[in-house]
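J.: Numbering (my numbering), first residue to last: 2 to 289.
These aren't lab readings, by the way, just hints derived from the structure by calculation.
Keep in mind it's a predicted model, so treat the numbers as computed, not measured.
Even glycine gets a Cβ: it sits at the ideal position worked out from N, Cα and C.
Don't take each hint at face value.
[Claimed, not checked] With a Cα cut of at most 25 Å, we get these calculated SDA-like pairs of lysine to any residue: (1) Lys228 <-> Trp74; (2) Lys229 <-> Val216; (3) Lys104 <-> Ser141; (4) Lys104 <-> Trp76.
[Stated by the list, open to error] Pairwise CB distance ranges (calculated): (5) Ile23 <-> Pro261: 50 to 60 Å; (6) Gln13 <-> Gly136: 42 to 52 Å; (7) Lys10 <-> Phe110: 50 to 60 Å; (8) Leu86 <-> Glu112: 43 to 53 Å; (9) Lys10 <-> Lys104: 26 to 36 Å.
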Amino acid sequence: MKNFKFSKKGWQYIAIVYLLSILPYYFILKEQHSESSFTLLLMWIPAIAAIIMRLYHKEGLFSQLRWNPLKDWKWLLCISFIPLLIEIVALLLTLGLDGAQLKPDFIVFSEGLIQVKGVAMIFGAAPQPWYLLLGNYVLSYLIAALLYSLFFGLGEEYGWRGYLQKEWAPHHSLLGYAAIGIVWGFWHLPAILLGHNYPEYPMLGGFVLMPILCVILSIVFGISLSKKQIIWAPVLFHGALNISTDVSNTVFIEESINRPVHDSIWSLLWLVTAILLWLTTTTKTPSR
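With the hints as constraints, model all of the structure from the sequences given.
T.: Dropping the structure here:
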């Protein structure tokens, strides 16, 4: 708690983010569709606000952040697979609790070959041996996660983690992570009310579930940055998370999904991840 404070620059940053978000949200709400092309602009608003703050306060666009991914590639590779692992475990638990039904023909076995339907892979989705399919899927997943991270995740994470975290949680503050998560969660509110993420219960999702989820993810993403101060850690976490959620859409019959069951399992797994990361980090890093 002693490491947490609401800095003035943090509030200034939040004000700029919310003000700049009015324009893209205006067009998104006008189109009544959360998948509007203005969503791309919206996801870069946190980065634009961070650039404005850094230039105004003469902080340098890259100060206090490491940008070379090669020095910590093992950590970044591990990060890339954590969301996929969580998604697979959530899928299995959802099935075990009768929370969804598998598509009857999403995977086909024929003469020693395997074909997975509904999945775009870099070397094609034709029937292939299991080892080629595995390599094909993993490579496709990594490329998709990387591209999403660069085009979408970087825009948010350079701002929320790369700037606001240094203001509100510079010394690994749990309350700081939580405060950032609340602000981040309510920033999504207009899109959530349009049916994004929680289409079956947008009010509950926008005002309660999304802020709670963003607090959890803020802890995970925040710790991933504080470990080595490499900005690509939360960026890859963000990108891999969004790409991995397509797994359920691929294997489940959409109408059969019990959203409260699946969403609860998925969120609880991320909560467990946040707790484990927090415990392992605090035992290695003495409080300052």
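J.: Please go over all the hints and tell whether each is borne out by the structure.
T.: Hints and how they fare:
1. Lys228 <-> Trp74: Given that 25 Å is the threshold and the Cα spacing comes to 14 Å, the pair holds.
2. Lys229 <-> Val216: holds (21 Å)
3. Lys104 <-> Ser141: Since the Cα atoms of Lys104 and Ser141 sit roughly 22 Å apart, the hinted pair holds (cutoff 25 Å).
4. Lys104 <-> Trp76: With a Cα-Cα distance of about 35 Å, the restraint between Lys104 and Trp76 is violated, given a limit of 25 Å.
5. Ile23 <-> Pro261: 50 to 60 Å: Since Ile23 and Pro261 have Cβ atoms about 32 Å apart, the given range 50 to 60 Å is violated.
6. Gln13 <-> Gly136: 42 to 52 Å: Given range 42 to 52 Å: holds, Cβ gap about 48 Å.
7. Lys10 <-> Phe110: 50 to 60 Å: For Phe110 against Lys10, whose Cβ atoms are near 58 Å apart, the range 50 to 60 Å holds.
8. Leu86 <-> Glu112: 43 to 53 Å: violated (31 Å)
9. Lys10 <-> Lys104: 26 to 36 Å: violated (50 Å)
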